[in-house]
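*Asks:* Heads up: the sequence lines are chains A and B, in that order. Note that the first sequence covers residues 8 to 259 in my numbering. Note that the second sequence covers residues 8 to 259 in my numbering.
Because the hints were derived from the structure by calculation, they are not lab data. Note that this is a predicted model, so its numbers are computed, not measured. Hints may be right or wrong, so weigh each one.
Using 25 angstroms as the maximum straight-line C-alpha spacing, the simulated PhoX-like pairs for lysine-lysine come out as follows [to be verified]: (1) 74/B - 89/A; (2) 30/B - 137/A; (3) 187/B - 187/A; (4) 89/B - 30/A; (5) 75/A - 50/A; (6) 89/B - 187/A.
Protein chains: 2
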Amino acid sequence: MRYKCIVSYDGTAYAGWQRQNGKRSIQQTIEEALKKIVCQDIKIYASGRTDAQVHARGQVFHFDCDKKFADFRKALNSQLPKDIYILSMEPVADDFHSRFSACYKHYDYLINDGDYDPLMVNYCCQTNRKLDIALMEKFSKIFIGEHDFTSFNATKKAEVENQVRTIYRIDVKRHGNMIKISYYGNGFLRYMVRILSQCLIEAALGNLTEKQLTEMLEAEDKRACHYNGQPQGLYLMEVSYKPYLVAPVAEW
Amino acid sequence: MRYKCIVSYDGTAYAGWQRQNGKRSIQQTIEEALKKIVCQDIKIYASGRTDAQVHARGQVFHFDCDKKFADFRKALNSQLPKDIYILSMEPVADDFHSRFSACYKHYDYLINDGDYDPLMVNYCCQTNRKLDIALMEKFSKIFIGEHDFTSFNATKKAEVENQVRTIYRIDVKRHGNMIKISYYGNGFLRYMVRILSQCLIEAALGNLTEKQLTEMLEAEDKRACHYNGQPQGLYLMEVSYKPYLVAPVAEW
Numbered sequence: 008m009r010y011k012c013i014v015s016y017d018g019t020a021y022a023g024w025q026r027q028n029g030k031r032s033i034q035q036t037i038e039e040a041l042k043k044i045v046c047q048d049i050k051i052y053a054s055g056r057t058d059a060q061v062h063a064r065g066q067v068f069h070f071d072c073d074k075k076f077a078d079f080r081k082a083l084n085s086q087l088p089k090d091i092y093i094l095s096m097e098p099v100a101d102d103f104h105s106r107f108s109a110c111y112k113h114y115d116y117l118i119n120d121g122d123y124d125p126l127m128v129n130y131c132c133q134t135n136r137k138l139d140i141a142l143m144e145k146f147s148k149i150f151i152g153e154h155d156f157t158s159f160n161a162t163k164k165a166e167v168e169n170q171v172r173t174i175y176r177i178d179v180k181r182h183g184n185m186i187k188i189s190y191y192g193n194g195f196l197r198y199m200v201r202i203l204s205q206c207l208i209e210a211a212l213g214n215l216t217e218k219q220l221t222e223m224l225e226a227e228d229k230r231a232c233h234y235n236g237q238p239q240g241l242y243l244m245e246v247s248y249k250p251y252l253v254a255p256v257a258e259w
Numbered sequence: 008m009r010y011k012c013i014v015s016y017d018g019t020a021y022a023g024w025q026r027q028n029g030k031r032s033i034q035q036t037i038e039e040a041l042k043k044i045v046c047q048d049i050k051i052y053a054s055g056r057t058d059a060q061v062h063a064r065g066q067v068f069h070f071d072c073d074k075k076f077a078d079f080r081k082a083l084n085s086q087l088p089k090d091i092y093i094l095s096m097e098p099v100a101d102d103f104h105s106r107f108s109a110c111y112k113h114y115d116y117l118i119n120d121g122d123y124d125p126l127m128v129n130y131c132c133q134t135n136r137k138l139d140i141a142l143m144e145k146f147s148k149i150f151i152g153e154h155d156f157t158s159f160n161a162t163k164k165a166e167v168e169n170q171v172r173t174i175y176r177i178d179v180k181r182h183g184n185m186i187k188i189s190y191y192g193n194g195f196l197r198y199m200v201r202i203l204s205q206c207l208i209e210a211a212l213g214n215l216t217e218k219q220l221t222e223m224l225e226a227e228d229k230r231a232c233h234y235n236g237q238p239q240g241l242y243l244m245e246v247s248y249k250p251y252l253v254a255p256v257a258e259w
C-alpha cells in the first residue's frame, strides 16, 4: 500500500529535508518516527528537498507500507516532535509519486520591512527598510511565463541540464509591515525562490532596474546574479497534483 | 542620567525576565550586553517579571548610567542576541520608575483553535477544538472592573496581601484560526492573564458556566480555580505611564 502524506514543519531546528550525516533532518526524523510504529525501515520520498531553516505548510511525501493501522496518522504524529505535524495521510495508487506526479508548487516568501522584530527571526527576512510593493509587483512580471532560469538558481547544469521552468503567477501582498510574495510554478530549482525574492527586494530598494533584471534573466548564466534571500522567509505552501488552472487565492 | 527602554523579546529560549542561578534570563542577558558597552555593572529594573516562555513586545525597564554615547540604543542592540531588541531608549526624570510609575499594562493571549500548527508551538496556546468567541467575550465581562483576583493568580498572600486589581477592558478577536484576547488593567498578578485566559477557553468549551466563574471570583480563594494557560500564548504588549482613558485599539 502506498501512502501520500501532507506535512507541515518548522524548519528552524533542522538541516533541511534531506538526510545528512551528523545533522538532524526532517526526512530522518519522520523515518525514525515511522520505524517506531511499523517496526521496520521505511524510506520516504518528498516532492522535493527544502533547505536548512526553510519551513513547510504543505510538503508532500509518499512511502510504501503493507501493514495497516487504525489511525496511522495519529500514531505517526504521536511519535513526531512538536515542530513536525502530518496534516493528512491517505492511501494512493501505486504509481503515485510525490515528486514525479506533481503538477505545480506554491511557495511563499515573507519579508518584514518594518522595525526589526526579534520574534520573527526564524520566520521571515527582515530588511529594516520600507519596500514599495507596487514596484515589486511590476518587476515580478519579468519572471512570469516559461523561461530558462539558469541565472536565478544554484542547481548545477551537470545535475539538471534543462533549467527551463514556468511560473504561472506571482502575488505580492502587504499586511502591515509584513510582505508576502507567493509563487506558483511547475518547478523551482535550488535557491530559486529565494534568489527571485531577493531580486524583487533589491528592485524595491532601487538597486536593480527593470533592464538589469531582464538582462540577468536573458543571460542564462550562473554568474549573472549574486543575490540570495535568507532561508527563514521561505515556506513550501502546497504541492498540487492537478494541473494549474486558476491559482488558489492566497489569504492572509 | 536615568534611561527608559522599551524592549521586545522572544521568550522561548529564556527562563523568564528575572535573573536566576544557572538559567539564562532576559535581565541577565541585557545586563551583560550593557556591561560590554558601559564597562561597569549596571542593574536594570523592569515594569514586572515575565515568566519562562512568555514574550514581550513592549516590556519597559530603566537603569541609571552617567556615561553618554552617540547612539546608545544601537550600541546596545549590537551586543544583544537576535531574540531581544531594544525598540526605544530615552532619558527620563530621575524619579521615573518602570514599575512604580506605570499606570496600566496591556497583555495579549493568543490561541490557535484550528488544526495543530507546528510553526506556532512557541507562540500560542493550541486547543485543537473550535472556540465560540462570542461566549468568551460574554464571560470576560465578569472580570471587568475592580475585583479581588485572589482566586485567579498564583502570587502568595504573604507576598502581596492586597490582590484587588482593576481590569479596564478585555477584547476577544478572531483572525482565521487565531484568537487574540487583549487585557488592559492597572496590574496583573502572577499567572493572572494565563489563568483568566484558560477560564475563558474552558467556558467556550462548555466546561464552565457563568455562575461557576462568578462564584470562583467571589470565593477570593487560591483553591477556587485550578486552570492555568500555557505561557507560550502570552505577550506583554505595552506598559503605559499615562492613566487609562480610552484603550488603544488593538490591530491585527
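*Asks:* Now tell me if each hint is right for this structure.
*Replies:* Each hint tested on the structure:
1. 74/B - 89/A: 46 angstroms, violated
2. 30/B - 137/A: Distance of about 38 angstroms is beyond 25 angstroms: violated.
3. 187/B - 187/A: 22 angstroms, holds
4. 89/B - 30/A: Within the cut-off at roughly 23 angstroms; holds.
5. 75/A - 50/A: 17 angstroms, holds
6. 89/B - 187/A: With Cα atoms ~22 angstroms apart, residue 89/B and residue 187/A stay inside 25 angstroms; holds.
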